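Line by line, the protein sequences are chains A and B. Sequential numbering of the first sequence, starting at 1, is according to the numbering used here. Sequential numbering of the second sequence, starting at 1, is according to the numbering used here.
Here are a few chain A residues that sit away from chain B, every Cβ distance over 10 Å (derived from the structure):
| id | residue |
| --- | --- |
| 1 | P17 |
| 2 | N27 |
| 3 | P31 |
| 4 | C86 |
| 5 | P140 |
| 6 | Y146 |
| 7 | A240 |
Facing chain B, according to a computed beta carbon distance under 7 Å, are these residues of chain A, among others:
| id | residue |
| --- | --- |
| 8 | P182 |
| 9 | S186 |
| 10 | I189 |
Hints are computed from structural coordinates only; laboratory data are not their basis. On a predicted model such as this, the values are computed, not experimentally measured, just so you know. Idealized CB from N, CA, C, for every residue including glycine.
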Amino acid sequence: MAKLLEVSNLSKAYKLPGYFFNRKICNALEPLSFNLQAYKTLAVVGEMGSGKSTLAKLLVGAEKPTTGKIKLNGQTLEAGNFGQRCQHIRMIFQDSGTTLNPSLTIKQILDETVKLNTDLDTMERIQLIRATLQKVGLLPDHMNFYPHMLSGGQKQRVSLARAIILEPQVVILDEALAALDPSLRSQMINLLLDLQEQMGLAFVLISHNLGIVRHFSDEMMVLYHGQVIEYGDTQTILKAPKHKYTQKLILSQSFQDKALSN
Amino acid sequence: MNLLDIRNLSIELIGQKHDILAVDRVSLTMKEGEVRGLVGESGSGKSLLAQAIIGVLDESRWRVHADRFHWRGQDLLRLPIEERKAIISKDVAMIFQEPIACLDPTTTIGEQLEEAVPESMLYGFFWQKRQQRKKAVIKLLHRVGIKQHTMCINSYPHQLTEALCQRVMIAIALARRPILLIADEPTAAMESTNQGQIFRLLASLNQLKNMSILLISHDLENVTHWTHTITVMYSGQFVEAGTTKQIFTKPYHPYTQALLDSSPKANMHLPAKARLMTLPGSIPILQHLPIGCRLGPRCPRAQKQCVNAPKVKNYHGHQVSCHFSLKDLY
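Using the sequences and the hints, build the whole thing.
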C-alpha cells in the first residue's frame with residue numbers, strides 16, 4: 001500500500017534564553033522518521049516532556065521543524081502553508097470543552113472551518129454540517145446548541161466533527177480519550193474505529209493508557225526524552241519490550257491485569 | 001465496630017423552584033484498616049458524598065439527611081456543628097486531585113507543612129516549639145518517602161513535580177495522624193509511573209499505620225489493585241458494593257458489568273480494533289434525571305418495573321441495587 005504520511009528526519013530544538021556565549025539549546029525532539037498508511041493507527045507513548053506533544057504540533061503545523069520533512073502522498077508540506085495542510089491533517093485536543101468557542105453555536109463553529117477552507121455556498125455548507133453531525137452520532141438539531149448545553153462526551157463528538165468535516169486523511173488525537181468517562185470513552189473508541197473504516201483515516205494517537213493503545217493501534221512509537229526508543233508493531237512491542245523504560249511502563253500498568261485475572 | 005457507617009444518605013441541592021436530589025439514598029460502611037474504592041463517572045455524586053462526610057457542604061445550598069451517619073459509634077448529624085467539626089478535623093483528612101493547584105503558590109512547602117503541624121503535639125517555650133515543628137516537618141516528609149527534605153522544604157510548589165506535590169499533600173494530610181484518609185482522585189491526570197508511586201505510598205500507609213482510605217476514582221480499572229472493597233455509584237444512586245474480587249469476577253449489576261466490558265484493559269482477549277461493548281446514550285444531567293433507577297434509559301436489562309427505584313439486596317456482603325440483577329446468570 002502507498003505511504004500516506006512520510007516523515008523523515010524530523011526534529012525540533014528550542015533556543016533557551018541566554019547570553020551570546022552561553023546560549024543553550026533544548027532538543028525537544030531528536031530526529032525521527034516514520035511512515036503511516038491509510039486505515040492505520042500509529043500510537044505515540046511517552047512521559048511528560050518526552051516530546052510527544054511537540055511531535056503533534058510539528059505534524060499539524062503549529063510549530064516549524066528545525067530539520068526534516070513531512071510528506072503527504074508524496075507531496076512535501078511546507079511549514080506555514082496552512083491552506084494546504086489543515087485540509088489534510090487535523091487534530092483533536094484533550095480537553096474538548098475549552099477548544100470550542102463558548103459564544104458561537106455548534107453550527108457556527110463548524111461553519112467557520114468549512115468557510116475558510118472550501119468555496120461551498122451556504123446551503124451546501126449546511127448540508128455538509130448536517131451530514132457530519134450525523135456521522136459522529138449527533139442530531140442535526142444540535143446545530144443550534146451552544147457548547148455549554150452539551151455534555152462532555154457530546155463536546156468531544158463536536159470536536160471530532162470539526163476534525164473530520166473537511167474529510168482529512170490524517171487525524172491527530174492528542175490525549176483525546178484521556179479525560180472522558182469510561183462508558184463514553186468506549187463509545188468514542190468505537191466511533192473512531194468506525195470512521196477509520198468508512199473514510200480510510202489514518203490516526204496518530206497520543207496516549208499513556210496502554211490498554212487503549214493495544215486495542216486501537218497498529219504501530220507504536222515510544223518516546224523518551226525526545227528520542228525514539230522503540231518503534232514497530234504494537235503487539236510485538238507490548239509482548240517483548242526491549243528498552244528498560246518501555247518495560248517499566250508496561251509493568252506499571254500490567255498489575256491491573258493481574259488484579260483482574262485472579 | 002465500623003469506622004464509618006452511613007445509611008441512606010441523601011443530598012439535595014436547594015433550588016429556586018424545586019430541589020434536586022443529587023445523591024439519592026446511598027449507603028457506605030468502612031471498617032478500620034480498610035481501603036475502599038468509591039467508583040463512579042462524572043456526576044455520580046462521589047465527590048459530594050466525600051464532602052458530606054467531612055461536612056464542608058454549604059448549608060444554605062445543600063440539604064443533607066441520613067437515616068444513620070455514625071463515626072465510630074457517634075451520630076454526627078445529631079451533634080452540634082462545632083463538636084462535629086472537632087471530631088472530623090481530628091480524625092479525617094482529605095487529599096485532592098491536581099496537587100499543584102491545591103498548594104499555596106506564594107509560600108514554600110516547608111511553611112505550609114509547618115502550618116499543618118497541630119499545636120497539641122508541641123510543648124515547652126516558643127523557641128522549643130519552633131525546633132519541634134521543624135523536626136516534625138522533616139519527619140512527615142520522610143514518612144511520605146521524600147528523602148531530600150531540605151531541598152523540598154525550601155522550594156515552592158511550582159518547582160516540584162506533580163508526584164512530589166501529591167506526596168507533600170499527603171504529608172500535610174498525615175500531620176494530624178488521621179484515622180481515615182479520603183483521597184479524591186489523587187492521581188487524575190498523572191502519568192502511570194507516577195500513579196503507581198502514589199498508590200504504593202497509600203497502600204504502605206494503610207498497611208503500616210492501619211489507616212483507612214476511601215479512594216475515589218472515576219475509573220474502575222485504575223483502583224482494582226489497591227482496594228479491598230469497592231462501592232459503585234451512578235448518577236447519585238447506589239449501584240453495587242462488595243469486595244474487589246466479587247465486583248470483578250461476578251458483577252451483579254448491569255452497570256458494573258458494562259463498566260468492566262467497556263474497558264480495553266480488562267478485555268485482553270478481544271482482538272485489536274474489535275468493537276467494545278458500551279452502554280448507549282450519555283450520563284443524564286442533574287436537571288433531567290430519570291425517575292426510578294437512573295440507569296433505566298441506558299440499561300440493557302431495563303423493564304417496566306425499573307421506573308420504581310429498586311431496594312438494596314444483600315447477598316453475603318455483596319450488595320446490589322437492581323430489580324433484575326445478574327446474580328441468576330452465574
